[in-house]
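My request is simple: use the sequences and hints to build the entire structure.
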Amino acid sequence: MLSFPPNQVTAAILGIMQDGGLPHIGCRCDRCAAAYEDLRQTEYAACLALVDTRQTPPLVYLIDATPDIKFQLDLLADVLGAHPQRPYRLRQPDGIFLTHGHMGHTAGLAQLGPEAMAVEGLRIFAASDLNNLLLATP
Numbered sequence: 199m200l201s202f203p204p205n206q207v208t209a210a211i212l213g214i215m216q217d218g219g220l221p222h223i224g225c226r227c228d229r230c231a232a233a234y235e236d237l238r239q240t241e242y243a244a245c246l247a248l249v250d251t252r253q254t255p256p257l258v259y260l261i262d263a264t265p266d267i268k269f270q271l272d273l274l275a276d277v278l279g280a281h282p283q284r285p286y287r288l289r290q291p292d293g294i295f296l297t298h299g300h301m302g303h304t305a306g307l308a309q310l311g312p313e314a315m316a317v318e319g320l321r322i323f324a325a326s327d328l329n330n331l332l333l334a335t336p
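Okay, so the sequence shown: first residue is 199 according to our numbering, each after it adds one.
Because the hints were derived from the structure by calculation, they are not lab data. The beta carbon of each residue, even a glycine, is placed where N, CA and C say it ideally should be. Just to be clear, a hint being listed does not mean it is correct.
Beta-carbon label-pair distances, calculated as ranges [as the list claims (entries may be wrong)]:
#: 1; residue 1: P204; residue 2: R226; range: 42 to 52 angstroms
#: 2; residue 1: S326; residue 2: R238; range: 22 to 32 angstroms
#: 3; residue 1: R226; residue 2: L333; range: 34 to 44 angstroms
#: 4; residue 1: P336; residue 2: A232; range: 20 to 30 angstroms
#: 5; residue 1: L332; residue 2: L246; range: 12 to 22 angstroms
This is the structure we're talking about:
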């Protein structure tokens, strides 16, 4: 888990890989094969967190909702804290900014529905075309 200094806004890198992360599904190159053998070599898809500890509770925003979102939110467990009504769950982030519609930037949204995190009222910021596409997707 990551820790954040008090009374400031911090950007934290939660992932650095292309949309599929490392290892890539179906890939057997040396680097991916090594990551399949040793999960410590896993790298998450590119994602950034903006954390404002000047607020109580801290404000937490993600830049993109990657396929690795469950692991990336777990890195933020200390700053997110417990959900107010479900203390065995994490508090949801305050919002997510989507940079564009590729899989590696939006696939994590599926983890936020009632079958998984069950977020309520989560603010999603996206360009109008992407927002309209997401609203039209069941």
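May I ask which of the numbered hints given earlier this structure violates, with the numbers listed in increasing order? 2 and 4
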